[in-house]
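Enquirer: Single-letter residue listing:
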Amino acid sequence: MAELFVLDKASILERLGGDEEIFTMMVDMFVQDVDSNCAALAAALASGDPAALHREAHTVKGLLATFSDESGAAEAGAVEQLARDGLVEGQAEAVAGLQQRLREIAAVLSAG
Amino acid sequence: MHNVLIIDDSDINLTLIKALVLKLGDCSPTLFDHPLAALEWCRSNVPDLVIVDYMMPDMDGLKFISAFRALHGRNEIPVLMITANDQKDVRYDALLGGANDFLTKPIDRVEFSARARNMLSLRTGQKYLADRAEHLSVLVDERTAEIREREKELIFRISRAAEFRDPETGAHIQRMAHYSQIIALGLDLSLAQQKLILEAAPMHDVGKIGIPDYILLKPGKLTPEEFEVMKGHARLGQELLKDSRSEVIQAGAEVAISHHEKYDGTGYPHGLKGHQIPLFGRIVAVADVFDALTSERPYKRAWSLDDACKYLEDGRGKHFDPMCVEAFLAGWEHVLDIRQRFRDEEMPQI
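The listed protein sequences correspond, in order, to chains Y and D. Just so you know, the numbering used here puts 11 at position 16 of the first sequence, and the rest follows in order with no gaps. With positions in the second sequence counted from 1, the corresponding number in the numbering used here is that position plus 27.
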């Protein structure tokens, strides 16, 4: 991932209608779910099943977009597209990049 | 309170959408992270709005919508589908497959609230129309029942008017009508036909209104000429009742013209034979004759039940349709009940 994640709380809050309560709830859930999301990505990659990888990459794309991480969402979107075309092999590096991104965001969110 | 069904395999999305739904106010969210479980829930619950993610394991949003729409009564319930921005093809498929609108990820509260409110307004309108249609339907049923009751009463009163000029009584009309119904039941006619003959049979002698008193009320035997005039009551009855738009009165016209026909072709006015005689005419012939025989008149004693039954049996294939006689005798217990219920000295309600 080229760029570091920068938390753009203002844009996220704008999407949530300025609702801090929902924002906090989502941050908590993201941090809570980060391990299982990384594990699901790894499992999909290991299974060699393009449909599984397509689905998990799609989920991660949505998660990253929710936290206004446009470049991260774009990377996830690229994995999703390739998996949709049936490609799993050769995506290990990109998947590792997504896992790293998820943990990076979790760390930033946890730091508050 | 609107029941909002939310289906998404991502917990964070479920939580977010639930929170947004609660912010709408007057909504109760039901959450599922698996579409098949949600579909099962929909078999016995009716949501007011469905919010469903497109990409889910086992069953995607398109397949869910299609299965949901196939459930009875779920055809018009608003469905919002959540898709990513770049899934234009999916959106087209969803529109064709029954989605009403879309939400794009990441979900934006302003857009979400506007679209969800629109869908709920649509649902409120649907429910209002459905309630109104049901209310109107109940109202129409009530009014129709009132009119039918009035029609029944008028028929009975018109039939009574004819009978007033005759030694026969109101109870005779009731008995012969119910006997006719017993025969219809024994012949396996539908409930609607049984009800129809019960209501139409009282009109069998309505044509007697047009017969002069000196013939109708003559104590002794009628001369052949007088009998010819008397026979005219069948045609007169039909004249009075024919061409009605009411099914009951149409049946009454048929009964009036045909209840003096005989199975062997020796009856009047047309001398019809066997199944040329309308079924209702064949039924009423048995019911009317049996009651006339077993009733007391100023000029005759009442026959015993055994003698009257013997008369019917002897008349099989001659005066009467054998099937109608058989159906009447098969309902003997009911015949006795009706004799008890409608006695000459009393006038029970219809």
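If you are wondering where the hints come from, they were derived from the structure by calculation, not from laboratory data. Honestly, I wouldn't trust all of these hints.
Stated by the list, open to error - Capping the alpha-carbon separation at 25 Å, the derived lysine-lysine pairs in DSS-like fashion look like this: (1) D/300 x D/245; (2) D/248 x D/269; (3) Y/4 x D/269; (4) Y/4 x D/300; (5) D/90 x D/50.
Stated by the list, open to error - One side only, chain Y facing chain D, incomplete, derived with CB under 10 Å: (6) 14; (7) 17; (8) 99; (9) 103.
Fair warning: this is a prediction, and the values are worked out from it, not measured in the lab. All residues carry an ideal CB built from backbone N, CA and C; glycine is no exception.
Enquirer: Hint by hint, note whether the structure agrees.
Expert: Comparing the hints with the structure gives:
{"no.": "1", "hint": "D/300 x D/245", "in the structure": "30 Å, violated"}
{"no.": "2", "hint": "D/248 x D/269", "in the structure": "31 Å, violated"}
{"no.": "3", "hint": "Y/4 x D/269", "in the structure": "85 Å, violated"}
{"no.": "4", "hint": "Y/4 x D/300", "in the structure": "96 Å, violated"}
{"no.": "5", "hint": "D/90 x D/50", "in the structure": "29 Å, violated"}
{"no.": "6", "hint": "14", "in the structure": "7 Å, holds"}
{"no.": "7", "hint": "17", "in the structure": "5 Å, holds"}
{"no.": "8", "hint": "99", "in the structure": "17 Å, violated"}
{"no.": "9", "hint": "103", "in the structure": "16 Å, violated"}
Violated hints, listed in ascending order, are 1, 2, 3, 4, 5, 8 and 9; each of the other numbered hints is respected by the structure.
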